[in-house]
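Visitor: Sequence:
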Amino acid sequence: MHDNGGRFRRVVMHKVTPLRRHFNSAARLAVRWPAWLLGQVLPLSARRNLVSLAGRRRLSVGVEFAMGMLDDLRRQDPVGFHRFLWSNHLAYARTYEIPRRFGASNINPTRHILFSRISDHLRSRGIDPRSDIRSVLDVGCSSGYLLRHLEELVFPSATILHGLDIDSYAVQAGSTHLSSLQSRVKLFAADMEATERTMSSRSYDLVLCCGVLMYVDETTAEKVVRAMFSCSAQLVGLICLAPPGDNPVRSEVRESDGAFIHNMDRMIRRTGGSVVSSTWVGTSTSGSSPCHVILAEPSTKRHRTPTRDVVHARP
Numbered sequence: 000m001h002d003n004g005g006r007f008r009r010v011v012m013h014k015v016t017p018l019r020r021h022f023n024s025a026a027r028l029a030v031r032w033p034a035w036l037l038g039q040v041l042p043l044s045a046r047r048n049l050v051s052l053a054g055r056r057r058l059s060v061g062v063e064f065a066m067g068m069l070d071d072l073r074r075q076d077p078v079g080f081h082r083f084l085w086s087n088h089l090a091y092a093r094t095y096e097i098p099r100r101f102g103a104s105n106i107n108p109t110r111h112i113l114f115s116r117i118s119d120h121l122r123s124r125g126i127d128p129r130s131d132i133r134s135v136l137d138v139g140c141s142s143g144y145l146l147r148h149l150e151e152l153v154f155p156s157a158t159i160l161h162g163l164d165i166d167s168y169a170v171q172a173g174s175t176h177l178s179s180l181q182s183r184v185k186l187f188a189a190d191m192e193a194t195e196r197t198m199s200s201r202s203y204d205l206v207l208c209c210g211v212l213m214y215v216d217e218t219t220a221e222k223v224v225r226a227m228f229s230c231s232a233q234l235v236g237l238i239c240l241a242p243p244g245d246n247p248v249r250s251e252v253r254e255s256d257g258a259f260i261h262n263m264d265r266m267i268r269r270t271g272g273s274v275v276s277s278t279w280v281g282t283s284t285s286g287s288s289p290c291h292v293i294l295a296e297p298s299t300k301r302h303r304t305p306t307r308d309v310v311h312a313r314p
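Mapping to numbering that gives the first Met the number 0: the sequence shown position 310 is 309, numbers consecutive.
In short, the hints are calculated from the structure, not lab data. Fair warning: this is a prediction, and the values are worked out from it, not measured in the lab. A couple of the hints might just be wrong.
If you anchor each label on the Cβ, the simulated ranges turn out as follows [stated by the list, open to error]: (1) Pro155 / Gln75: 43 to 49 Å; (2) Pro243 / Gln181: 40 to 46 Å; (3) Leu37 / Asp131: 52 to 58 Å; (4) Tyr91 / Leu37: 17 to 23 Å.
Glycine is no exception: its CB is placed at the ideal position from the N, C-alpha and C atoms.
Can you make the complete structure from the sequences, with help from the hints?
Guide: Next up, the structure:
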């Protein structure tokens with residue numbers, strides 16, 4: 000039997016999706032442009048206060064308002080721009096609230112892909128994820144929702160689940176929520192640049208960093224990745240922005256939001272690791288930008304030729 004209904008829906012969505020993207024782009028511009036104009040006549044301190052006020056009032060336009068209002072800061076000091084937003088729980092950081100993040104259905108599909116890749120790789124090495132992984136570190140953990148998911152469903156034998164994040168609001172809210180669940184997850188409020196110092200000489204079976212390196216420059220990202228390898232006994236899992244074309248020789252700043260696109264293969268080699276696998280994931284799955292889901296091992300482990308695959312074909 001022919002699925003004419005399904006075919007019709009696919010045709011409609013094929014037509015609607017570009018229109019929706021166009022509408023969303025126009026809506027973003029309608030907020031960002033007036034904010035930019037207002038930002039031309041106000042000092043930076045006043046503009047920071049206005050962005051903070053918009054955040055406290057939980058305005059849905061907070062991200063675009065911040066992008067327009069702090070456009071000069073975003074261009075001149077993108078790291079400082081992102082640090083200001085994250086450390087004050089503003090703009091995109093506002094979406095990291097307990098009801099919106101905890102629970103398997105709230106977790107971005109790219110994270111599920113990463114956890115699946117990790118579990119498959121561990122089993123290929125004779126390691127049972129459910130019984131043999133005892134410690135996990137999440138760099139850029141927000142409220143600890145990924146660690147909680149791992150604790151419940153992926154690595155139930157893990158007794159040490161640590162996370163650190165610059166967003167002290169998210170860390171405090173997450174810690175309170177996790178405590179109410181009698182979770183073993185423990186969170187630390189710290190800049191990821193201080194990963195090695197914060198975690199001291201601890202060693203973890205698995206170290207994660209999901210969608211976070213995009214907010215720091217190449218030098219800082221290398222420092223963070225090097226620290227991850229130094230405290231990883233088994234494996235490092237990363238989710239990072241994918242470039243629109245070939246990997247850049249050096250890290251590049253995305254014009255639209257000041258996010259950094261890194262050459263992760265190069266960075267991993269330079270910081271003492273080797274790529275195990277790298278999976279390209281498109282927008283239809285990630286819900287935002289194309290990304291790479293990467294598994295890497297410390298260079299002291301037995302070398303393995305990297306494998307690559309693609310979840311969805313490029314549009």
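Visitor: Give a verdict on every hint.
Guide: Structure-based check of each hint:
1. Pro155 / Gln75: 43 to 49 Å: holds (47 Å)
2. Pro243 / Gln181: 40 to 46 Å: Holds - the Cβ-Cβ distance for Pro243 and Gln181, about 45 Å, lies within 40 to 46 Å.
3. Leu37 / Asp131: 52 to 58 Å: holds (56 Å)
4. Tyr91 / Leu37: 17 to 23 Å: Given a distance of about 20 Å, which is inside 17 to 23 Å, the answer is holds.
Of the hints listed earlier, there is not a single one the structure fails to meet.
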